[in-house]
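Line by line, the protein sequences give chains X and C. Residues in the first sequence are numbered consecutively from 427, following this note's numbering. Residues in the second sequence are numbered consecutively from 3, following this note's numbering.
It should be emphasised that the hints constitute simulated quantities derived from the structure, not laboratory data. Please note: incorrect hints may appear among the correct ones.
Unchecked claim - Sample of chain X residues lacking proximity to chain C, with all beta carbon distances greater than 10 Å (derived):
#1 Pro599
#2 Met847
#3 Val858
To be verified - Covered by chain X, according to a simulated footprint, are these stretches of chain C (three or more residues, beta-carbon under 8 Å):
#4 54-63
#5 98-105
Since we're looking at a predicted model, the values are computed, not measured. Built from N, CA and C at the ideal position, the CB exists for glycine as well.
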Amino acid sequence: MATDTNRIESFGTVSRTVGTAFRYLLLAATLFGIVMLAVFLVQVFNDAIQPLTADAGWHLTFLLTLVVPTVALSGYLYLRTPSALRLGAAVVGTLVVTLMFGAGLAMVFVDVVVPLVWLSYVVALAIPAVTVVGLEAADRRLPFTVRTGLTVAVAALSLLFVPGVVQTVPFVPTDWMIVALTIGGPLALVVAGRFGSLTDRRGGLAAGVVALGAVAVLSLLGPFVGIDPLPMSVLAAVAFVPTAAYAASAALSRPADRAGLALPVVVVGGAFLGAFVANLAGFAGPESWVDWQFLTSAHSSDPVAAGLYPAIAGSILLMVTVAALSFPLGVGAAVYLEEYAPDNRLTRLIDVNISNLAGVPSVVYGLLGLGVFVTYLGQSTGTVLLGGATLALLILPVVIISSREAIRSVPEEMRQASYGMGATRWQTVKNVILPRAFPGILTGTILSLGRAIGETAPLIMIGAPNVLFSTPTELSDKVSAMPLQVYSWATTFAGDDFYNGLVPAGVVVLLVVLLAMNSVAIVLRNKYQTEA
Amino acid sequence: MSNDTPMTQNEEASTESETGSADPTGDTLVETDVSSGLDGGTPQRSTSRTLIESKNVNVWYNDDQALKDISMEIPENRVTAMIGPSGCGKSTFLRCINRMNDLIDAARVEGELTLRGKNVYDDDVDPVALRRRVGMVFQKPNPFPKSIYDNVAYGLEIQNKSGDHDEIVEQSLKRAALWDEVKDRLDESGLELSGGQQQRLCIARAIAPDPEVLLMDEPASALDPVATSQIEDLIADLAEEYTVVIVTHNMQQAARISDKTAVFLTGGELVEFADTQKVFENPESQRVEDYITGKFG
């Protein structure tokens, strides 16, 4: 039969040997760096925390109260409703990251900024902000110059007089009340808006009142667990209440995933239960170098008494200064280059140079900072302002490049739509491009800040002290930073305990802060990607 | 004419066009006979004034000439379709009308293109102000990543228009035949709508500031047949209040919805411009007949 004669016995095979070899080579290349880093980090964490010095009973207690329930619950959720597990993990992650930011902010309020001064400036800035909103609402036909003039005048007068007035008002609210109001107030508004859209007006109002009340109550309860009301109010307003609000709003909007909220309960409850049981039974924990004393005291020649506190505070202050300087400059340059600049030889030259500047060694930027700010502008060496300005210069090219990427990724159709509606360039940038590019810009900026926080060389070049015993409280104070302190422990004080204990401990703190910052960037990026 | 009360302006505009034949200003009158079966949807109208007139418009992209000596008169409150093969310059011509080509560095326009007698390429014409009178809908639906309400109100916001924005947004969405589908979710993102809904949202956005002309660059080419038919019905309705200029690849679409048709052929030439019925049933040029009957292009 015809069909039989045309029958194909086999299609033959095509060799894939080279392709397979290539594939596994690529896998090896991918894993090489990651595995090396993992081995190194495990060693550092082992040296810093020394988990093996703890009693077996201590490990067993936490295994039973924390690890086993968490793993069991996660496995159960993973098999039943994976989205619930993601929600639970997100709540735990939010709690951890916000707690760290809250701790950093609490440090600022306790040691750097007097809450009353903070309040006076908040009031002074709130007045022009209210003016702007009022002008918008009152008459949208007011000429631009009049509006701008009024706003600038109000802002200048307000900044000039209001702080002084507020600081001399006879009735002074206590510090924690100031924080609870200035941070808890906006938080309550956000919570009210979120719950208002989930339920109704009254629900939102109630949620906002509950949030503000919770901040106040937690602040007052702080002393009972050994935390002063001021830091407790910061922690409550930045970490506890926002996390609880996030969990509650998720429970309302995603009823199917409610089971996932058991995960944070199990994790937090297990940790406390474990600590309680271990304490009761007298099991000794690990002799960790990273402990409360390490985080809260200054350097000392005795390694056991030495700590990282002034360096942590210095790093936080430097980051605030760097962000305040590099963000407006970098984003401004990026917007100009992407949206306004003509495509000519000069802009292409600037393009190439910005890319090259991103690769210039950081020590050169240190020299630049020293030359420009100290020699020419007569700044004193090693101050917060000088360090911040130098590090800002260092990351400026990266901020510009990543912001330009973000702006470029705004689809051309959006610009066309806006221009087609008769929008000016400024209106298009303000209403369409910046809102759309903002998450990307923020991601890039946070990742560059992560680079700045780990820099040592530029700070050495500008004469920042390696060791600092007092926390800087002003822009003109001497500043140190975490990597500098770690570097000095590894070189100047190269005793055995310094080298094997304090250095890893400092590295761990630095890495954890870095990861917390990057996690914010990752969350922003994921949110951005799902929206795009 | 004041822009304060958009509804009034529309009424004025349509009144003018109805009494256009008696207009003493002596504007060119274009005979537009659309009574035949090609265009059953649109109401019967006889004559209309010229709103847009182009005289010898040439466009270059760097050294490549995209349009050659285009001269045509686009009537007011009518649908004028532009058809032709890809790359024939029909979209380029559309973008000349609201000077969107200004945004392309390489583009150069010569000739005269008047809107209500004023050359839009005069030195004293602000292209941004021009675009506020000439709405545009693009090939791919391009709502902003904002709420449905903010999308429609965008033109009102950037033009600082006074008046009740809620009312204008509602009216625009109704005119774009989208209101019933979105009235309960004006706060949701415009990107969550389907493709056809997004395009109607873009039309609502374009008509909210009450332009005189609505330019549409292949508005239905990215949509499925059902959404396409909705958009086509909408265009017929819009022509009662606006002058619509539409670029399309789809010849049946041009035949269904337009009063006048311009056929562009390769090389940027305007080969034929006449009443739609005439172009499709009895074209003067052999090349147009070949194109329409599918022998070429």
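Taking the hints in turn, this is what the structure says about them:
no. : hint   : in the structure
1   : Pro599 : holds, 37 Å
2   : Met847 : violated, 5 Å
3   : Val858 : violated, 6 Å
4   : 54-63  : violated (count 0)
5   : 98-105 : holds (count 3)
In summary, the numbered hints that this structure violates are 2, 3, 4.
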